[in-house]
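Each protein sequence line maps, in turn, to chains A and B. Numbered according to my numbering, the first sequence terminates at residue 421, and the numbering increases by one at each position without gaps. Numbered according to my numbering, the second sequence terminates at residue 162, and the numbering increases by one at each position without gaps.
Everything labelled a hint here was simulated from the structure, so no lab data went into it. None of these values were measured; they are calculated from a predicted model. Treat the hints loosely; a few may be bogus.
What the hints assert, rightly or not - Calculated cross-link-like contacts (lysine-lysine; reagent style DSS-like; alpha-carbon spacing at most 25 Å):
id, chain 1, residue 1, chain 2, residue 2
1, A, K199, A, K254
2, A, K278, A, K37
3, B, K79, B, K24
4, B, K79, A, K385
5, A, K278, A, K123
6, A, K330, A, K254
7, A, K415, B, K24
8, A, K37, A, K123
9, B, K79, A, K415
10, B, K79, B, K18
11, B, K81, A, K385
12, B, K23, A, K385
13, A, K199, A, K181
14, A, K181, A, K278
15, A, K385, A, K403
Said to hold, decoys possible - To list a few chain B residues with every Cβ distance to chain A over 12 Å, as calculated:
id, residue
16, S2
17, E3
18, A28
19, D41
20, K81
21, D102
22, L110
23, T114
24, F122
25, E143
Glycine included, every Cβ here is placed at the ideal spot set by N, Cα and C.
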Amino acid sequence: MLAERQAGNGVGDAASPWDVARVREDFPVLAQTVNGKPLVYLDNAASSQVPQVVIDRGSRYLQEEHSNIHRGVHYLSQRATTAYEGAREKVRRFINARESRECIFVRGCTEGINLVMHGYGRKFVAAGDEIIVSAMEHHANIVPWQMLCEEKGATLRVIPMNDAGELLLDEYEALLNERTKLVCVMHVSNALGTINPIKEIVARAHKQGVPVLVDGAQGAPHLTIDVQDLDADFYIISGHKMFAPTGSGVVYGKAELLERMNPFLGGGDMIRTVTFEKTTYAGLPNKFEAGTPAIASQIGLGAAIDYLNSLDRRAAHAYEHELLAYATEKLTAIEGVRIIGTAREKVGALSFVIEDVHPHDVGTILDQEGIAVRAGHHCAQPVMKRFNIPATARASFAFYNTKEEIDTLASAVQKVIEVFS
Amino acid sequence: MSELSELYQQVILDHNKKPRNFKKLETANRHADGFNPLCGDQLTVYMQFEDDRIADVSFEGTGCAISKASASMMTQSVKGKTRAEVESLFNEFHRMVTGELDEETTPNNLGRLTIFAGVREFPARVKCASLSWHTLHAALAGEDAATTENLGADITSEQVSA
Ligand SMILES: Cc1ncc(COP(=O)(O)O)c(C=O)c1O
């Protein structure tokens with residue numbers, strides 16, 4: 001099967017080498033009807049679906065291996081620990097980190113960014129310092145930094161973007177100065193689909209000696225991630241957006257930075273010695289993993305990575321690109337529809353508004369057709385403000401979506417326009 | 001599709017397109033802002049409250065068809081009513097959209113507002129229909145903001161039993 005999938009990766013073929021029907025069989029949730037219609041799941045940017053192999057891995061853990069990790073000399077604890085640490089090594093390879101101790105397990109991207117805010121920000125940011133974020137960030141990459149700035153008397157600076165939803169790199173360069181302590185940007189925008197030029201953003205920050213945190217929540221599901229090539233100082237991932245269960249996630253950080261940071265949560269497993277006078281902390285990664293983690297979920301993340309590796313990822317990426325282009329063409333052709341976010345480099349998400357129809361009403365009518373989209377501000381209120389709209393409807397794609405589903409979306413959008421005409 | 005046409009009835013679509021009393025009320029002596037943080041809906045209810053009565057009322061803001069039409073029709077039906085009458089109407093409206101009150105079998109004062117009964121088939125939209133009412137309630141109580149954030153009561157009986 002594997003060889004077959006990879007054999008079809010011819011470039012320039014009229015037919016897609018991607019066997020989407022075969023891939024759909026891996027995702028049991030997709031084979032259901034909603035409101036009497038086949039489910040069309042286009043809300044992957046909010047949370048992606050889980051393949052059977054990941055479900056099976058999670059059940060096997062719960063049925064045969066469950067125990068607390070790092071705490072027992074007994075058989076089950078050893079097995080659980082081996083599986084959990086095995087998942088960490090899979091993550092390391094997936095993002096090409098130098099060492100697996102640079103991969104901290106967290107419950108998701110939000111917790112991950114907060115970990116860096118507390119561990120790095122609260123230690124190294126002082127009054128008068130500046131933190132740079134971008135105009136397109138998710139609230140998860142704004143609010144923690146705002147909280148930090150408030151606490152320390154530091155200032156938040158914002159990289160602006162153009163009307164297409166692309167960051168203005170010259171303006172970014174002008175914001176960097178000796179007071180800048182950290183740059184926090186997203187790899188891929190959940191609201192606009194923009195792929196940001198992270199390598200370039202990192203290079204410019206590093207010229208000034210400033211570390212960069214990358215919110216990779218939407219990057220990891222769609223792009224090949226190489227943290228060494230990007231030279232990112234922190235790269236944060238949510239497992240549930242890349243075919244793993246909720247409660248899984250990763251903070252990648254360069255070892256020398258993680259070593260210098262304060263711990264995040266205090267408690268069991270993150271210590272070396274505890275007395276009432278003084279506690280010394282464990283080494284990486286345990287220093288940042290206080291308490292019992294989401295063991296089953298993180299093992300599921302490892303299984304999701306195995307699953308992704310079993311696919312021809314280049315073909316998957318090409319196919320996702322094709323889906324986005326097709327959907328963009330289909331929706332653009334409908335009178336009254338406007339695409340929000342028209343960057344040259346995009347992946348995954350297609351935000352749109354319909355003239356005189358609120359996105360919330362669009363969401364309800366599409367749902368009646370079995371189509372799951374997100375309607376709202378996508379936890380990016382500043383983006384909505386930038387485009388002067390209250391909200392958008394957003395279709396977001398994974399490699400298991402089909403062109404037929406996009407046709408269904410397009411005719412449902414027509415229907416919305418009819419209802420409101 | 002029938003549930004959908006139940007939700008988006010012509011009257012609702014009409015109020016969405018041409019909301020009534022959609023303006024800032026210059027004579028207002030009370031007002032409150034309402035937010036639905038989930039979808040970003042935002043509205044302000046203005047009222048001129050005199051001798052225990054709503055002498056005049058209006059609203060402004062952005063929102064979906066359901067929230068706009070609901071606000072529009074609400075302003076029409078509460079104008080001239082006493083505080084007690086308005087609170088009782090809010091109670092009936094709220095119970096209707098959450099499925100606790102069957103407007104066809106239980107006597108009520110809802111009148112044209114029963115057009116929003118279809119909302120109860122769409123649990124995710126109950127907050128849209130009730131945002132303006134919560135905001136009106138806040139203005140009456142002399143508070144200046146309402147949000148649907150913590151309104152546990154805004155779930156339908158179907159959700160509770162599910
Ligand atoms: C770009 C981006 N950053 C951060 C997050 C937050 O991720 P989570 O909710 O998994 O913590 C999301 C998901 O909503 C996202 O799309």
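Hint check results:
1. Annotation: proposed proximity of K199 of chain A to K254 of chain A holds, straight-line Cα distance about 16 Å (limit 25 Å).
2. Restraint check: the Cα-Cα separation between K278 of chain A and K37 of chain A comes to about 62 Å, which exceeds 25 Å; the hinted pair is violated.
3. Between K79 of chain B and K24 of chain B the alpha-carbon distance is near 15 Å, which keeps this suggested pair within the 25 Å criterion.
4. For the proposed pair K79 of chain B and K385 of chain A, the alpha carbon gap of about 34 Å is over 25 Å, so the pair is violated.
5. Between K278 of chain A and K123 of chain A, the direct Cα distance comes to roughly 19 Å. Compliance with the 25 Å bound is thereby established for this hinted pair.
6. Restraint check for K330 of chain A and K254 of chain A: the C-alpha separation of about 43 Å exceeds 25 Å, so the hint is violated.
7. Distance check on the hinted pair: K415 of chain A and K24 of chain B sit about 34 Å apart at the alpha-carbon level, beyond 25 Å; violated.
8. With a CA separation close to 53 Å, the supplied pair K37 of chain A and K123 of chain A exceeds the 25 Å bound.
9. For a cut-off of 25 Å, the pair hint linking K79 of chain B to K415 of chain A is broken: about 36 Å separates their Cα positions.
10. At roughly 18 Å between alpha-carbon atoms, K79 of chain B and K18 of chain B fall within 25 Å of each other, so this suggested pair holds.
11. Taking the CA atoms of K81 of chain B and K385 of chain A, the gap is near 37 Å; set against the 25 Å cutoff, the hint is violated.
12. Between K23 of chain B and K385 of chain A the alpha-carbon distance is near 22 Å, which keeps this suggested pair within the 25 Å criterion.
13. Distance restraint check for K199 of chain A and K181 of chain A: the Cα-Cα separation of roughly 18 Å lies within the 25 Å cut-off, and the hinted pair is therefore satisfied.
14. In summary, the hint linking K181 of chain A to K278 of chain A is not supported, as the alpha carbons are separated by about 30 Å, beyond the 25 Å threshold.
15. Note on K385 of chain A and K403 of chain A: the hinted pairing is violated, with a Cα-Cα distance of about 32 Å set against a maximum of 25 Å.
16. With 12 Å as the threshold on Cβ separation, the claim that S2 of chain B sits away from chain A is violated: the shortest Cβ distance comes to roughly 10 Å.
17. The non-interface label for E3 of chain B is inconsistent with chain A: the shortest C-beta to C-beta separation is roughly 7 Å, within 12 Å.
18. No Cβ of chain A comes within 12 Å of the Cβ of A28 of chain B; the nearest lies about 24 Å off, and the non-interface call holds.
19. Its closest Cβ contact with chain A, about 7 Å, brings D41 of chain B to no more than 12 Å, contrary to its assignment away from the interface.
20. No beta-carbon of chain A is positioned within 12 Å of the beta-carbon of K81 of chain B; the least distance is around 28 Å.
21. The Cβ of D102 of chain B lies farther than 12 Å from every Cβ of chain A, with a closest approach of about 23 Å, so its non-interface assignment holds.
22. Even its closest Cβ contact with chain A, about 22 Å, leaves L110 of chain B beyond 12 Å, as expected for a residue assigned away from the interface.
23. Here T114 of chain B stays apart from chain A, with its beta-carbon at least about 20 Å from theirs, past the 12 Å limit.
24. The Cβ of F122 of chain B sits about 6 Å from the closest Cβ of chain A, inside the 12 Å cut-off, so the non-interface label is violated.
25. With a least beta-carbon separation of about 23 Å from chain A, E143 of chain B lies farther than 12 Å from that chain, consistent with its non-interface assignment.
Checked against the numbered hints above, the structure breaks hints 2, 4, 6, 7, 8, 9, 11, 14, 15, 16, 17, 19, 24 and satisfies the rest.
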